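> Construct the complete structure from the given sequences, taking the supplied hints into account.
Residue numbers (full-length UniProt numbering), protein chains in the order written: chain A, 1 to 217; chain B, 1 to 217; chain C, 1 to 216; chain D, 1 to 216.
These are calculated hints, taken from the structure and not from any lab test. Bear in mind the structure is a predicted one, so any value in this text is a computation, not a measurement. There is no bait here: all hints are sound.
Part of the chain D face toward chain B, derived, beta carbon under 8 Å: (1) N47; (2) V49; (3) L65; (4) S81; (5) I82; (6) A85; (7) I91; (8) M125; (9) G126; (10) G127; (11) D130; (12) A133; (13) P159; (14) T161; (15) A162.
The beta-carbon is built from N, C-alpha and C at its ideal position, and this holds for glycine as well.
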Amino acid sequence: MKQAIKADAAADLIPDGASLLIGGFMGVGSPHRLIDALVAREARDLTVIANDTAMPGTGIGKLITSGCVSKVIASHIGLNPETQQKMISGEIDVDLVPQGTLVERIRAAGVGLGGILTPTGIGTLVEEGKQSITVDGKDYLLETPLAGDFALIAAHQADYVGNLEYSLTAHNFNPIMAMAGKTVIAEPHTIVPVGVISPDSVKTPGILIDHLLERAH
Amino acid sequence: MKQAIKADAAADLIPDGASLLIGGFMGVGSPHRLIDALVAREARDLTVIANDTAMPGTGIGKLITSGCVSKVIASHIGLNPETQQKMISGEIDVDLVPQGTLVERIRAAGVGLGGILTPTGIGTLVEEGKQSITVDGKDYLLETPLAGDFALIAAHQADYVGNLEYSLTAHNFNPIMAMAGKTVIAEPHTIVPVGVISPDSVKTPGILIDHLLERAH
Amino acid sequence: MDAKEIIARRVAQEIQPETLVNLGIGLPSMVANFLPKDVHVFFQAENGVIGLGARPPEGMEDPDLTDAGGGFVTAVPGAASIDSAMSFGLIRGGHLDTTVLGGLQIDERGYLANWMIPGKMVPGMGGAMDLVAGAKQVIVSMVHTAKGKPKILHECNLPLTAQRRVSLIVTEMAVIEPVEDGLLLKETGPGVTVDDVISATEANLIIRGEVPSMQL
Amino acid sequence: MDAKEIIARRVAQEIQPETLVNLGIGLPSMVANFLPKDVHVFFQAENGVIGLGARPPEGMEDPDLTDAGGGFVTAVPGAASIDSAMSFGLIRGGHLDTTVLGGLQIDERGYLANWMIPGKMVPGMGGAMDLVAGAKQVIVSMVHTAKGKPKILHECNLPLTAQRRVSLIVTEMAVIEPVEDGLLLKETGPGVTVDDVISATEANLIIRGEVPSMQL
Chain A
1 MKQAIKADAA ADLIPDGASL LIGGFMGVGS PHRLIDALVA REARDLTVIA
51 NDTAMPGTGI GKLITSGCVS KVIASHIGLN PETQQKMISG EIDVDLVPQG
101 TLVERIRAAG VGLGGILTPT GIGTLVEEGK QSITVDGKDY LLETPLAGDF
151 ALIAAHQADY VGNLEYSLTA HNFNPIMAMA GKTVIAEPHT IVPVGVISPD
201 SVKTPGILID HLLERAH
Chain B
1 MKQAIKADAA ADLIPDGASL LIGGFMGVGS PHRLIDALVA REARDLTVIA
51 NDTAMPGTGI GKLITSGCVS KVIASHIGLN PETQQKMISG EIDVDLVPQG
101 TLVERIRAAG VGLGGILTPT GIGTLVEEGK QSITVDGKDY LLETPLAGDF
151 ALIAAHQADY VGNLEYSLTA HNFNPIMAMA GKTVIAEPHT IVPVGVISPD
201 SVKTPGILID HLLERAH
Chain C
1 MDAKEIIARR VAQEIQPETL VNLGIGLPSM VANFLPKDVH VFFQAENGVI
51 GLGARPPEGM EDPDLTDAGG GFVTAVPGAA SIDSAMSFGL IRGGHLDTTV
101 LGGLQIDERG YLANWMIPGK MVPGMGGAMD LVAGAKQVIV SMVHTAKGKP
151 KILHECNLPL TAQRRVSLIV TEMAVIEPVE DGLLLKETGP GVTVDDVISA
201 TEANLIIRGE VPSMQL
Chain D
1 MDAKEIIARR VAQEIQPETL VNLGIGLPSM VANFLPKDVH VFFQAENGVI
51 GLGARPPEGM EDPDLTDAGG GFVTAVPGAA SIDSAMSFGL IRGGHLDTTV
101 LGGLQIDERG YLANWMIPGK MVPGMGGAMD LVAGAKQVIV SMVHTAKGKP
151 KILHECNLPL TAQRRVSLIV TEMAVIEPVE DGLLLKETGP GVTVDDVISA
201 TEANLIIRGE VPSMQL
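Structure follows, in structure tokens:
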């Protein structure tokens, strides 16, 4: 069982310079209270690994605007002009990774694989510096695991063991990232007593969760 | 939407010589009615890809006893002495694969990966004939995808789109195999109208399912 | 009928019943509006829903249910929520029947470039590389030229999205099928002649006999 | 106390509170009976449950809820059902704190052989190779000898389960920790002398000072 903690206490656990896997897709299913707490404590030099950097004023966009971030590994930054500006000015280093490759690299880290072979990116810029391997006559890129010092996970409902349920398109990267952070912090909307969630509804087993944020309201 | 079909009609779709991914772990979560129908139609020369061959008289054990199977790819045959006897007599060819590797190879086939790198099997007999690849100073085996002509899936509940829910330890290989069969046949306990299952409860999207068996009762 | 509607209507004719379809943001998403009522398909949004529905009535939006562009949507009966690993597993694993994407350039090999203009626009590839590498049928829907300049070229000079021949190109001027030996002109747009298409296209076009006009 | 109970009681002392533990079929599964009441752990069964509970009352079995040996079990409050990919993801990904397995042989390198006797017994490795390769702590629990013959050898002659030094070996005669330079004898079993252990063991044992007796 875990005592639920406040967002600022959770943000204090995350040192400057840390690498963070952050759930969410254009801000949907992102851990918004954790992000606000990181902005409030003026976190610096973070590496953010996420699908995208949302929009200015939303989710991960707030970390970008507030100067918390020095590196981004994402599939898409197109809807956040600030990320693009800071990339061009050299303030933020950006690695672009195809979305399917990004989630498989994170999964590989979480499930103890040394990498995966994907057809995505063959014959494109993504190929650069990577090993190409032929299996059954088809070429694949070897993509290596991508872990984070922390994973910041948004969930719909938790219990005090840390078991998590997600809602609709707010799943996205969250269930995968929950396996790949050295320390995993979950931010649920609500928390219910242990035993209330059916074992079949659990999508992230609580044993993966290190810290649980208080419910939203 | 799919019309639910009878087990014997489903078994008629499966030709002799086909390779079958069959869900289940010691018979728990196996498609028992499909197996019985294959035995009844005296299927021959099947390749069975499954975690195990259960026990004589149970699940996949019935296919073994009835002489339906010429090849087994599994992680464990220890509780079925008939499989062991038929292996020794040369009637059945057996490939043993570590359980975690087996499920990742099937997943790789289902999700379009050319293979995965696993630490499991390094320095053991499993290594034979496989490429070893070093990532970040650690050795891994390259394990390649494993697909089936058919996947025979047991589920707890379906709707007529083919969306599936599973129960407790009857999940096991089923959700993974449902991605890796050229033709996928699902055998649910019950079938409910479309719209009854919450999108968040669906573990196998119906678009993966080609044929749906009638409910059990 | 404006160029975009022509394109969307024509692409809609390519969508087969009972299939899984991914529509890109912008022009491709208009295709859904022109499907015949009796053609039932499941739309996938790569952010994690199979069975994407229309925009909800005002005040009934769910912040946890959006399309890949972040717009509020609903879910049809029989929908399924999936995580990003499953979403791209379906795409890369060949379970997605059709993807409709926009394009910046496309060339005689049938190769698409649609994710970056070096030094100008670097949005990232998002899901595009996986979609083009993995979907069974890849349809590129785009206006035929950009500011009067051809977008269908001998060879793309923008970075490629994938080293794969796409299935079909639909513009307001033409339907073009990339085949083994080049680009086959299959149809012309409303009021457009074969010569019009040729002069708006840098790439060589293969023309076999009479080229019919789109039936919209 | 028979040999198996000695082993199970001693292994139970190694289990840390609030951890995830996988117990193999047979002797290892007995360990659960000897955990102190205040030590709460989650037991994982590799067939897909975290939070394995005791055998249900007769007539209340669920055919869809068994342990990895196929025996009926229950689920504790806070349990989670998982598929085989997640189950082995947890194992191989370093999320499993402790695995307790049986052994056929173990050697001075700390390498375990426990899945086949060529020409005699070929059950398959099941989950053993993943468990030994991936768990944070690997405890081998086994009787010290087989029909009077040592099982702890200079070098295994049966096929290895993994090329990894296990964390601890617990028998009814000894607790042995494989370390960089060999096998360190840490404790002796009830009524067993260091000389008894040495003569029942083929492998060289490192002995540092006084070797304490197990406290059960």
